[in-house]
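Start from the sequences, fold in the hints, and give me the full structure.
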Amino acid sequence: MKNRLAFLRRRNESPGSNPAGKLDKSMKSVKPTPEEALKWGDSLDKLLAHKYGLAAFRAFLRTEFSEENLEFWLACEEYKKIKSQSKMASKAKKIFAEYIAIQSCKEVNLDSYTRDHTKDNLQNVTRSCFDLAQRRIYGLMEKDSYPRFLRSELYLDLINQKKPSATSTSSSS
849 MKNRLAFLRR
859 RNESPGSNPA
869 GKLDKSMKSV
879 KPTPEEALKW
889 GDSLDKLLAH
899 KYGLAAFRAF
909 LRTEFSEENL
919 EFWLACEEYK
929 KIKSQSKMAS
939 KAKKIFAEYI
949 AIQSCKEVNL
959 DSYTRDHTKD
969 NLQNVTRSCF
979 DLAQRRIYGL
989 MEKDSYPRFL
999 RSELYLDLIN
1009 QKKPSATSTS
1019 SSS
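Take any residue in the sequence shown, count from 1 to its spot, add 848: that is its number in this note's numbering.
Ranges of calculated distance between the beta carbons of each label pair, as one might list FRET restraints:
no., residue 1, residue 2, range
1, N1008, I950, 36 to 44 Å
2, P995, S938, 33 to 41 Å
3, K899, K991, 18 to 26 Å
4, R999, H965, 27 to 35 Å
5, K967, A897, 28 to 36 Å
6, D890, L970, 33 to 41 Å
7, E925, D959, 17 to 25 Å
8, R983, I950, 15 to 23 Å
9, L1002, D968, 38 to 46 Å
10, Q971, E925, 16 to 24 Å
11, E926, K879, 23 to 31 Å
12, P995, T974, 31 to 39 Å
13, L1002, D964, 35 to 43 Å
Everything labelled a hint here was simulated from the structure, so no lab data went into it. Note that the coordinates shown come from a computational prediction; the quantities given were computed from them, not determined experimentally. The beta-carbon is built from N, C-alpha and C at its ideal position, and this holds for glycine as well.
Written as structure tokens, this is what we have:
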């Protein structure tokens, strides 16, 4: 029984992962002002463009066990930067196997048309072969996870954080 459930443990112990809801310690130094964090409420793009915002959103998704959507979207963004055709083909196969193939370890929620379209695109690998799938997942995050993030305690704490007083040089937290 222990071996059968080990896959659950491994998913949360991936390299570089943090416990649910915790931000990377290196991110503490780039903590945004409440005003900056408030701008993330304008759009998912603004949230993802900010280093701390991305980390906060990832931490939130981890608590909801839906981090694979963001990971897939980021993998597609990195994929588009690849110059070498052979590296592109290799990375495309890896992304498909990890996120799109049915029963894959981090399978994202795609309709069959998008899944088949993306699979067909792998026959002739280009920078845009994941565009449709990436747009679908972005739309899913934008309509589902993002609004919940904006209502989350993690985000509300950021926008409502107390400003340090001029006489205090250290925080008491």
